[in-house]
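Asker: Sequence:
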Amino acid sequence: SAIYELSCEAYKHLGKSSNYYWIDPDGSGALGPLKVYCNMTEDKVWTTVYHDLQMQTSVGSSSVEKLSVLQLNYSATMDQISAITSSAEYCEQFISYSCKMSRLPNTPEGNPYTWWVGKANEKHYYWGGSGPGIQKCACGIERNCTDPKYYCNCDADYKQWRKDSGMLSYKEHLPVSQVVVGDVDRPGSEAKVSVGPVRCQGDRNYWNAASFVTSSSYLHFSTFQGETSADISFYFKTSASDGVFLENLGNTDFIKLELKSATEVSFSFDVGNGPVEIVVRSPNPLNDDQWHRVHAERNVKQASLQVDQLPLEVRKAPTEGHTRLELYSQLYVGAAGGQRGFLGCIRSLRMNGVTLDLEDRAKVTPGVKPGCSGHCTSYGMYCANGGKCVEKYNGYSCDCSKTAYDGPFCIKDVGAFFEEGMWLRYNFHSPGTSVKDLVSRTLLSSADPEITAPDLSLNKEELSFSFSTTKFPCVLLYVSSYTPDFMAVLVKPTGNLQIRYNLGGTKEPYNIDIDHRNMANGQPHTVNVTRNGRDIVLQLDHYPPTSYSLPATSDIQFNSPKALFLGKVIEIGKIDQDIYKYNTPGFTGCLSRVQFNQIAPLKAALRPTNTSSHVHIQGELVESNCGASPLTIPPMSAATDPWHLDSASADFPYNGQAIGDGVNRNSAIIGGVIAVVIFTILCTLVFLIRYMFRHKGTYHTNEAKGAESAESADAAIMNNDPNFTETIDESKKEWLI
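Residue numbers 1 to 737, in the UniProt record's numbering, belong to the letters of the sequence shown in order.
Everything labelled a hint here was simulated from the structure, so no lab data went into it. The C-beta atom is built at its ideal place from N, Cα and C for all residues, glycine as well. It cannot be assumed that every hint is accurate.
As the list claims (entries may be wrong) - Okay, derived cross-link-like pairs now, BS3-like style, lysine-lysine, Cα gap no bigger than 30 Å in a straight line:
#1 260 x 316
#2 471 x 492
#3 44 x 392
#4 260 x 66
#5 66 x 44
#6 119 x 44
#7 402 x 44
#8 159 x 192
#9 402 x 562
#10 123 x 192
As the list claims (entries may be wrong) - Here are the computed distance ranges between Cβ atoms for each label pair:
#11 55 x 326: 53 to 59 Å
#12 204 x 158: 41 to 47 Å
#13 352 x 608: 46 to 52 Å
#14 79 x 518: 57 to 63 Å
#15 73 x 42: 31 to 37 Å
#16 580 x 548: 20 to 26 Å
#17 528 x 281: 40 to 46 Å
#18 388 x 577: 41 to 47 Å
#19 172 x 352: 22 to 28 Å
#20 240 x 204: 48 to 54 Å
#21 55 x 132: 23 to 29 Å
Could you put together the complete structure from these sequences and hints?
Answerer: Structure, rendered in structure tokens:
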């Protein structure tokens, strides 16, 4: 039975985050599993296979033949990579040639100096950014080469460094297995070659589906060749209580998979010793219109059937008698021989490692439609934190726009580091928004178009955010209004949290004090406040929620909300005395996943959205995940570092989980000693520097800035991934300590 998923796409649909995983592209076929990096982005899943050629490998003349051959060894076999590229929707590989008096093809005709070798050992004379049959570089296609006479920058043969780079994206030619460099034998000639990993996106096999609309509809394929072994897997989704999935007949021999009842799947066959049937019974109905996976195997020793994660049912084969399954008819998927067929969807049907193209056959078959709808019923639960599941033709994605999170499953925190004196204001209405729009879209109260801006009022609010700080007192969050009404979350001079409501009707604001916990301890804390009329529920971190009630005299309308402040309150008019005191010098620390009703002010500031015009920032907002939730990419040890992936030394895990490789013990101990020494020196330095600059009262964070300085597309991707810089630092720490 398969231990690994077939592709990264399958791991995403188990709700897994970006990581290294073992995949097995042909099931129990001959290829065997391979380790890849699965990058789950918002709407795509990228599968990455690494090789051992260092970026910017220098090339010098080595042999009499004047050719230098760079060999790329991948963490997978060529056949395994082919299985990934052939089922992918799109693949790419970055290639770059930096040159100093070293020409690339040099002429559109004639023999090129440099070429690369791809799949099936074929030579290719086009370069990154160009395509098959076009002996040019990217600049030749865009017509902006250093010397307009040539089609590549390097062909100008200049004495200064030049570069030709781009993506190779004709997937039938990938991966690059060799780069052959010719023009480095003259004095002064130098070249450097970089080749990125192979990255493929999408899995056509995983979503290859057909919908059976009538119980007499079927698809037929050529006879199943499974004489001594059969390995069949597929997903089904139905609301019918029975139906035949597939069947193939011989004279007396046959093989058949069917849904016998709402809770039973049956695998039956006859190899000449009489019929054998294996049944898996599910405790829950299988006709719930959700995807269920079926995996059936038969060989000369035994037969087995598994449905979803239910226990595997196994039947040993008789020691004597027939072992060969002899079939003659066509393979029927759906109704066969006048039986009641299957109503619903079947997808990703693989027989002995080959995916049957249900979609293509369905296009020309009456009663069967290509593709399948309704993936959200099965996968919608992976869209967290209020993210909405969006149906796509093949699969689904999570729409995080109405949440304070992002990432493929809306679980990635969006947060920022605030330096002392920094603040952010989010205006509830900006010039040019009609109030009706605003009311219905953001603050969820009345949708009466007659209301003018300052008349808008709230009967209920929902506020949630996470913060960490060591400086107090301070104002974490403040909601102002066009009236004396306000709401505030403060850290008092004692380091304790206070929620303060002033809705009118009382002499003093109503305070909720959490006196028994120090919240300014530098640790991330989460705050959830929900008010409905007079009732307030507060939840801190993972403690049980506590309920409070506004005083009987208090108004329960939050009148005319105006703006939300983070870090500091800069508002005209009279301000509460305590808040005025706590306001200086301002909040220092981290705030993340801030959400007030439908508004996510930090996300609006850090991600360009249609609400970004509502935001005003004083100071420089530096994005940070604030440690509020764990990194989605776990720290890399030296063994899993992408540029040093050694497939021979990797151990096979026994389940589909992410893999973490160990580290040599001795080096870890030595590293630990070095780390302690370095750490002590650093601590002393930090203490001295902070002591010297204390009067300035500001921090500066040093985060990676984008792709400006990136050497290659992959470096740029790494630079732009907010987790990547942290990951590398984390991994160093983990490796050394």
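Asker: Taking the hints in turn, state whether each one holds.
Answerer: Hint check:
1. Pair hint residue 260 plus residue 316 holds up; C-alpha atoms about 22 Å apart against a cutoff of 30 Å.
2. The suggested pairing of residue 471 with residue 492 holds, with an alpha-carbon distance near 10 Å, which does not exceed 30 Å.
3. Straight-line distance between C-alpha atoms of residue 44 and residue 392 comes to about 12 Å, which keeps the hinted pair within the 30 Å bound.
4. Our distance criterion of 30 Å between C-alpha atoms is broken by residue 260 and residue 66, whose separation comes to about 69 Å.
5. For the given pair, residue 66 sits about 43 Å from residue 44 by alpha-carbon distance, which is inconsistent with the 30 Å threshold.
6. Only pairs whose Cα atoms come within 30 Å are accepted, and residue 119 paired with residue 44 is accepted, the gap being roughly 25 Å.
7. Simply put, residue 402 and residue 44 have alpha-carbon atoms about 20 Å apart, close enough for the 30 Å limit, and the pair holds.
8. Distance check on the hinted pair: residue 159 and residue 192 sit about 14 Å apart at the alpha-carbon level, within 30 Å; holds.
9. As the CA atoms of residue 402 and residue 562 are separated by approximately 20 Å, the hinted pair is consistent with the 30 Å bound.
10. For the hint linking residue 123 to residue 192, the alpha-carbon distance of about 20 Å falls within 30 Å, and the restraint holds.
11. At about 55 Å, the CB distance of residue 55 to residue 326 agrees with the hint of 53 to 59 Å.
12. At roughly 44 Å, the beta carbons of residue 204 and residue 158 sit within the given window of 41 to 47 Å.
13. The given range of 46 to 52 Å is respected by residue 352 and residue 608, whose C-beta atoms sit roughly 49 Å from each other.
14. At about 59 Å, the CB distance of residue 79 to residue 518 agrees with the hint of 57 to 63 Å.
15. Range check, residue 73 to residue 42: about 33 Å between beta-carbon atoms, so the 31 to 37 Å window is met.
16. Range check, residue 580 to residue 548: Cβ separation about 25 Å, and the 20 to 26 Å hint holds.
17. Look at residue 528 against residue 281: about 42 Å separates their beta carbons, and that is inside 40 to 46 Å.
18. At about 43 Å, the beta-carbon gap between residue 388 and residue 577 stays in the expected band of 41 to 47 Å.
19. For the hinted restraint 22 to 28 Å between residue 172 and residue 352, the CB-CB distance of approximately 24 Å keeps it satisfied.
20. In this structure, residue 240 and residue 204 break the distance hint of 48 to 54 Å, their C-beta atoms being roughly 27 Å apart.
21. About 25 Å separates the C-beta atoms of residue 55 and residue 132, a value consistent with the hinted range of 23 to 29 Å.
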